[in-house]
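*Asks:* Here is how the chains run, residue by residue.
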Amino acid sequence: MHSFGYRANALLTFSLTVLALMCAMASITDNFNSPSPTATVQILNVNRFQKKASGDDEVAITLDISADLQSLFTWNTKQVFVFLAAEYRTPKNSVNQVSLWDAIVPTKEDAKFSIKTKNKYRFIDQGSNLRGRDFNLTLHWHVMPKTGKMSADKLVLPGFRLPESYRSRRPAKHPAKAIAT
Amino acid sequence: MMDWQGQKIAEQVMQIMLVVFAIGAFLTGYFMGSLQLMLFIYAGGVVLTTLITIPNWTIFNRHPLNWLEPSEAKKHPKPQVTGLISKKPQKK
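Sequence lines, in order, name chains R and G.
Each residue of the first sequence is one higher than the one before, counting from 1 in the UniProt record's numbering.
Each residue of the second sequence is one higher than the one before, counting from 1 in the UniProt record's numbering.
Just chain R, same shape as in the assembly (with noise of 0.2 Å):
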């Protein structure tokens, strides 16, 4: 501690450090808050169903989602990404998870939101299994905090129907209706 430059240096290491550790215990208090975040997904219409080429089935809905991730953001949130994803089994697959929308929620003023849109991704069975099926539209959420590790949860909603054969791009009454929280 003689000269400026020890001094310099053991007070840009000892900084540093207390910096680390102020931002180990900001991850930790994460740990106190128990998020309770809401969910309603209705698909409003299915506006094409149909085989392709391919021989696998593609639909096209429009969805109403409506969502409350207000409690997922603490003061150490940086954002949250959310995707909906059809899941379903098929014979061939037990696991069919499909992409349908997603969105990066930047505050937790955005966090509250009701969205109308078609599905942001094309939804494409492997094969010809979607006539009928059953499936859970599931809203994932990756929490990405600005100090410390990233977290995902999810929100099954289940009860949705495909309709029992295919249409072009007729207009439809809700062939296909679940409200869940």
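Bear in mind the hints are in silico, worked out from the structure with no lab data behind them.
Bear in mind the structure is a predicted one, so any value in this text is a computation, not a measurement.
Every residue, glycine too, gets a C-beta built ideally from N, C-alpha and C.
Check each hint, because a few of them may be wrong.
[What the hints assert, rightly or not] Distance ranges between label pairs, derived from CB positions: (1) Phe31(G) <-> Gln50(R): 29 to 39 Å; (2) Phe31(G) <-> Asp68(R): 45 to 55 Å; (3) Ile23(G) <-> Glu58(R): 55 to 65 Å; (4) Phe31(G) <-> Lys149(R): 22 to 32 Å; (5) Asn9(R) <-> Asn66(G): 29 to 39 Å.
[Claimed, not checked] On the chain R side, residues computed to face chain G include the following (Cβ under 10 Å): (6) His2; (7) Phe4; (8) Tyr6; (9) Arg7; (10) Ala10; (11) Leu11; (12) Leu12; (13) Ser15; (14) Val18; (15) Leu21; (16) Cys23; (17) Thr29; (18) Trp75; (19) Asn76; (20) Pro163; (21) Tyr166.
[What the hints assert, rightly or not] Listing some non-contacts, in silico: residues in chain G with all C-beta distances to chain R over 10 Å: (22) Ala10; (23) Glu11; (24) Gly29; (25) Phe40; (26) Thr50; (27) Pro55; (28) Thr58; (29) Ile59; (30) His63; (31) Asn66; (32) Trp67; (33) Ser71; (34) Glu72; (35) Lys75; (36) Pro77; (37) Lys78.
Let chain R serve as the given structure and place chain G on it in line with the hints.
*Replies:* Relative to the frame of chain R, chain G by itself:
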């Protein structure tokens, strides 16, 4: 320059200030809900600590060492150690 006492005080002041600012910044940030605020308060604390403890302020030099006068030193010659060299193992 800093004397021995000054170095000790400077080191202690540095550590105490940083820890106090860290605790204050953390609590303020947590209760205000802003990690950014925590970082700014702590950064301010680091700058303040730097200004206080790094330059050679005169308050850290109030306990100068009192060296003996050369004439005094001659009256009390250093005790001469005898036989030490021969006791040392011849190892380099």
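*Asks:* Determine for every hint whether it applies to the structure shown.
*Replies:* Hints, one by one, checked against the model:
1. A hinted range of 29 to 39 Å is violated for the C-beta pair Phe31(G) and Gln50(R), which are about 57 Å apart.
2. For the pair Phe31(G) and Asp68(R), the supplied restraint of 45 to 55 Å is violated, since their beta-carbon distance comes to about 24 Å.
3. The given range of 55 to 65 Å is respected by Ile23(G) and Glu58(R), whose C-beta atoms sit roughly 58 Å from each other.
4. Distance hint for Phe31(G) and Lys149(R): a CB-CB separation of about 23 Å, consistent with the stated range 22 to 32 Å.
5. In this structure the hint that Asn9(R) and Asn66(G) lie 29 to 39 Å apart at CB holds, the actual value being about 30 Å.
6. Proximity of His2(R) to chain G holds as hinted, the smallest CB-CB distance being about 6 Å (cut-off 10 Å).
7. For Phe4(R), the suggested interface contact is upheld, since its CB lies about 6 Å from the closest CB of chain G, less than 10 Å.
8. The interface hint given for Tyr6(R) is met, as the beta carbon of that residue sits about 9 Å from the closest beta carbon of chain G, less than 10 Å.
9. Interface restraint check: Arg7(R) against chain G, minimum CB-CB distance 5 Å, threshold 10 Å, status holds.
10. Proximity of Ala10(R) to chain G holds as hinted, the smallest CB-CB distance being about 7 Å (cut-off 10 Å).
11. About 6 Å separates the beta-carbon of Leu11(R) from the nearest beta-carbon of chain G, less than 10 Å, and the hint is met.
12. Among the interface hints, the one on Leu12(R) holds; its C-beta lies about 9 Å from the nearest C-beta in chain G, closer than the 10 Å criterion.
13. Taking 10 Å as the C-beta contact cut-off toward chain G, the hint placing Ser15(R) at the interface holds, the least distance being around 5 Å.
14. The closest approach between the C-beta of Val18(R) and any C-beta of chain G is roughly 5 Å, which is under the 10 Å cut-off, so the hint is satisfied.
15. Given hint, Leu21(R) at the interface with chain G, holds; its Cβ is 7 Å from that chain's nearest Cβ, closer than 10 Å.
16. Hint on Cys23(R) holds. Least Cβ distance to chain G is approximately 9 Å, under the 10 Å limit.
17. Proximity of Thr29(R) to chain G holds as hinted, the smallest CB-CB distance being about 6 Å (cut-off 10 Å).
18. The criterion of a C-beta within 10 Å of any C-beta in chain G is met by Trp75(R), whose closest approach is roughly 4 Å, and the hint holds.
19. Hint status for Asn76(R): holds, given a least beta-carbon distance of 6 Å to chain G, under 10 Å.
20. Residue-level restraint check for Pro163(R) is violated (minimum Cβ-Cβ distance to chain G is 47 Å; threshold 10 Å).
21. Below 10 Å, beta-carbon pairs count as interface contacts, and Tyr166(R) has none with chain G, the closest being about 52 Å; its hint is therefore violated.
22. Once the 10 Å rule is applied to beta carbons, Ala10(G) is inconsistent with being away from chain R; the minimum gap is 6 Å.
23. Under the 10 Å C-beta cut-off, the non-interface status given to Glu11(G) relative to chain R is violated; the minimum distance is some 5 Å.
24. With a closest Cβ-Cβ approach of about 7 Å to chain R, Gly29(G) is found to fall inside the 10 Å limit, against its non-interface label.
25. Every Cβ of chain R is farther than 10 Å from the Cβ of Phe40(G); the closest lies at roughly 12 Å, confirming the non-interface assignment.
26. Annotated as non-interface, Thr50(G) brings its C-beta within 10 Å of a C-beta of chain R; the closest such distance is 6 Å.
27. Residue-level check failed: Pro55(G) sits 8 Å from the nearest beta carbon of chain R, not beyond 10 Å.
28. Non-interface call for Thr58(G) relative to chain R: holds, since the shortest CB-CB distance, roughly 15 Å, exceeds 10 Å.
29. Consistency note on Ile59(G): stated as away from chain R, and its beta-carbon is indeed over 10 Å from all of that chain's, at 14 Å minimum.
30. Annotated as non-interface, His63(G) keeps its C-beta farther than 10 Å from every C-beta of chain R; the closest such distance is 14 Å.
31. With a least beta-carbon separation of about 18 Å from chain R, Asn66(G) lies farther than 10 Å from that chain, consistent with its non-interface assignment.
32. Distance to chain R confirms Trp67(G) as a non-interface residue, since its nearest Cβ pair spans about 17 Å, more than 10 Å.
33. Every Cβ of chain R is farther than 10 Å from the Cβ of Ser71(G); the closest lies at roughly 29 Å, confirming the non-interface assignment.
34. Distance to chain R confirms Glu72(G) as a non-interface residue, since its nearest Cβ pair spans about 26 Å, more than 10 Å.
35. Listed as a non-interface residue, Lys75(G) keeps its Cβ farther than 10 Å from every Cβ of chain R; the least gap is roughly 31 Å.
36. Once the 10 Å rule is applied to beta carbons, Pro77(G) is consistent with being away from chain R; the minimum gap is 29 Å.
37. Non-interface call for Lys78(G) relative to chain R: holds, since the shortest CB-CB distance, roughly 25 Å, exceeds 10 Å.
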